[in-house]
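Engineer: Numbered according to my numbering, the sequence shown spans residues -6 to 677.
Derived from the structure by calculation, the hints contain no laboratory data.
Predicted, not measured: the structure shown is a model, and the values here were computed from it.
All C-beta atoms, glycine included, are put in the ideal place defined by N, C-alpha and C.
There may be inaccurate statements among the hints.
Below 27 Å or equal to it, Euclidean Cα-Cα: the simulated DSS-like pairs (lysine-lysine) are [to be verified]: (1) Lys619 - Lys586; (2) Lys162 - Lys404; (3) Lys484 - Lys404; (4) Lys475 - Lys485; (5) Lys329 - Lys475; (6) Lys475 - Lys404.
Distance windows between CB atoms, simulated [to be verified]: (7) His111 - Asp627: 50 to 60 Å; (8) Phe(-3) - Gly486: 31 to 41 Å; (9) Leu36 - Lys494: 17 to 27 Å; (10) Ile42 - Pro493: 47 to 57 Å; (11) Ile446 - Ile309: 10 to 20 Å; (12) Leu447 - Lys485: 18 to 28 Å.
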Amino acid sequence: MFPFAPWLWVIPMIGAVLIPVVNRIGGAVRDYFAIAVGAITMLFALSIIPDIINGYDWFTGVALANFPTPGAHGDWSIPWIAGFLNMGVLIDPLSVFMVNIASGIGFLILVYSLGYMHHDPDKMRYWFFMLFFIGGMDLLVLADNLLMTFIGWEIVGLCSYALIGFWHKKTGPSPDPRYKTEGEYNAACGMKAFITTRVGDVALLIAIVIIFTYAGTFNYLELAEGGFGWVTALANGGLLLPALILLFGGPVGKSAQFPLHEWLPEAMAGPTTVSALIHAAAMVKAGVYLVARVLPIIHEAYIVLGYTEILTFFQIVSWIGIGTAFLAATIGVVKKEIKQVLAYSTISQLGYMFAALGVAGTVVESAAGYIAGTFHLVAHAIFKALLFLAAGSVLHSTNTKSMFEMGGIRKEMPWTYRTMLVGVLSLSGIPFIFAGGWSKEAILTAALQAGNILLFALAAITAAITVFYSFRMLGITFFGNKSSYLQEMEKKGHHVHESPKVMIIPLIILAAGSILIGVSTVPDFFGVPGWESALTIFFEELIGHHTASGIPATNPLVLTALGTSIAMIFIGFIPAYLLYIRRDGKQDTPTFKPLYTFLVNRWYINSFYYAFFVDGFIWAARGAYKYIEESGIDRFNDVLANGTRGFTERFRKTHTGILSLNMLGVLIGIIVISAAALAVFLLI
-6 MFPFAPWLWV IPMIGAVLIP VVNRIGGAVR DYFAIAVGAI TMLFALSIIP
44 DIINGYDWFT GVALANFPTP GAHGDWSIPW IAGFLNMGVL IDPLSVFMVN
94 IASGIGFLIL VYSLGYMHHD PDKMRYWFFM LFFIGGMDLL VLADNLLMTF
144 IGWEIVGLCS YALIGFWHKK TGPSPDPRYK TEGEYNAACG MKAFITTRVG
194 DVALLIAIVI IFTYAGTFNY LELAEGGFGW VTALANGGLL LPALILLFGG
244 PVGKSAQFPL HEWLPEAMAG PTTVSALIHA AAMVKAGVYL VARVLPIIHE
294 AYIVLGYTEI LTFFQIVSWI GIGTAFLAAT IGVVKKEIKQ VLAYSTISQL
344 GYMFAALGVA GTVVESAAGY IAGTFHLVAH AIFKALLFLA AGSVLHSTNT
394 KSMFEMGGIR KEMPWTYRTM LVGVLSLSGI PFIFAGGWSK EAILTAALQA
444 GNILLFALAA ITAAITVFYS FRMLGITFFG NKSSYLQEME KKGHHVHESP
494 KVMIIPLIIL AAGSILIGVS TVPDFFGVPG WESALTIFFE ELIGHHTASG
544 IPATNPLVLT ALGTSIAMIF IGFIPAYLLY IRRDGKQDTP TFKPLYTFLV
594 NRWYINSFYY AFFVDGFIWA ARGAYKYIEE SGIDRFNDVL ANGTRGFTER
644 FRKTHTGILS LNMLGVLIGI IVISAAALAV FLLI
């Protein structure tokens, strides 16, 4: 690896700080400087991969003696607070995968931004927060302790707030629909994301403090050592389950899981490049990463100590995950804006990941669920970045986010259509070729292995819904006849056209990556075994002992999951094809209006939050003003003021203005004071 490569998170942060300085040289220099910083960060991240490969025989699970990092896991640390806290980075397969996702996909998004943000007047602020965002995510995934992870956690939260509300000067619907937001004000969308995720962040911070109080360390490796005395102490104090739930509160907020999921649709207010970074490479992946990071520690504690509170925690994780996946998928079916469909798709797919990780914790041999969740994280990062950037290409050309104002543009935008098709196929979980197919089948298999039939059924139904809304989006956007909006636009001389190469090349790279990961997971591809035994190293190395490898491909559970997955593909694809690809598909007329209204209104969860929290807060504030401020504090002030005024008016009568009387008063005062002083002196 490159020297000091594990500390690569510093590079984009320094680059962000230098952006205002470079901006004084010139706009073009500033833009390419940002790209160069992203490229250097990516190269440093890539340089770590050979060390992982050379240090481990990935395909047999045997740890080799020549692993070139200090410590069992490659943990570098330096004193932060002498004798109390170290600042360090942890290099293992999970952190290396995550830092390459954040840096690699982040770099492609930066390159894409050269075209997408070309005419934006405020690019200095854009580049600053984009680089700072990538640096924060790199810090989050490389940190070797909970405190540093939390610092990175808050950095990405701040950057997401700034970038979601990037077009904050737009205070209403813009003449250019590309800048039009789902919220009334762009800044309000960023604030909603900031406040909602803060709820989870506070819970996470409390959990970190509790764990440190009982464990005496923030370090992940130290938490996994020493017989888990801190877990026993928490359990004896009745705090084990509350601490774990609070710890999970952070991922629930950051990864937009129920009940803190309502911020993510409004996150579409920012530029599409920001949406791609949030959904694919940073922010929402942070929650899944944290659960994947602590899962082996907590699961091993369950195996050793057997506390049922830990089992309850993992069940909560799995059910919140699959419940959110189903909820978000149903809403995605009725959305009319292309970015909204992708937003709810992200919420749903993140739910899949949490479901897999939760299931992993409920069984002794947890490798299958852990591998499924982490592999789906990697696969989703690639194809979701592809889908968002392809959507941005369409928006860039059509100047609208509404799918029903598009249609019939696949010939004018062939590369955008082909790459988005790859993304849709991967999101739909088409097996054997696309990465999403393998990861979805692995999640279904893990649910069956855990014996959780209801969770398996919900996951399968959600898979069918996913296929439906994915091809619905593709059909409405690219098939059928051109909308009246596009026809009117062409009359004005603006024709739909393919995006510039600087935007298309990242799409092609991401599409190729999605296919490459998919085909490379085929057993015996290139003469090596399948992905299961390779990625099992994640779990084995993190907890320090070997577990069972992935489930063999001929296992009845795998065949059942694969057959179910294929069946769900047909169940979702056929109606989508008939309604939106073969036919015009312009009229999205609901057949069951009450259900349609229910889904359009987001299960009324968002409405409830506004009614209970926003309107409730306003009602409480008005009540406090009326009954406390006006009736209490103001009335007390009035009584005090009136009493003081009355006293002074009476006392004023003693001031006649006659000099002789004033002198008499002074004399009497002197006599009284002198007498009092004499009395005190005599008493002493």
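Engineer: Are the hints correct? Go through all of them and say.
Structural biologist: Hint-by-hint comparison with the structure:
For the given pair, Lys619 sits about 43 Å from Lys586 by alpha-carbon distance, which is inconsistent with the 27 Å threshold. Taken as a hint, the Lys162 and Lys404 pair is broken in the structure, with Cα atoms around 36 Å apart against an allowance of 27 Å. As the CA atoms of Lys484 and Lys404 are separated by approximately 19 Å, the hinted pair is consistent with the 27 Å bound. Pair hint Lys475 plus Lys485 holds up; C-alpha atoms about 15 Å apart against a cutoff of 27 Å.
Annotation: proposed proximity of Lys329 to Lys475 holds, straight-line Cα distance about 16 Å (limit 27 Å). The straight-line distance between the Cα atoms of Lys475 and Lys404 is roughly 11 Å, inside the 27 Å bound, and the hint therefore holds. A hinted range of 50 to 60 Å for the beta carbons of His111 and Asp627 is consistent with their spacing of about 56 Å. A C-beta distance of roughly 54 Å is found between Phe(-3) and Gly486, which places it outside the suggested range of 31 to 41 Å.
Taking the beta carbon of each, Leu36 and Lys494 are about 22 Å apart, inside 17 to 27 Å as hinted. For the hinted restraint 47 to 57 Å between Ile42 and Pro493, the CB-CB distance of approximately 31 Å leaves it violated. At roughly 18 Å, the beta carbons of Ile446 and Ile309 sit within the given window of 10 to 20 Å. Our hint of 18 to 28 Å for Leu447 and Lys485 is violated, since their Cβ atoms are close to 54 Å apart.
Consistency with the previously given hints fails for numbers 1, 2, 8, 10, 12, ordered from lowest to highest.
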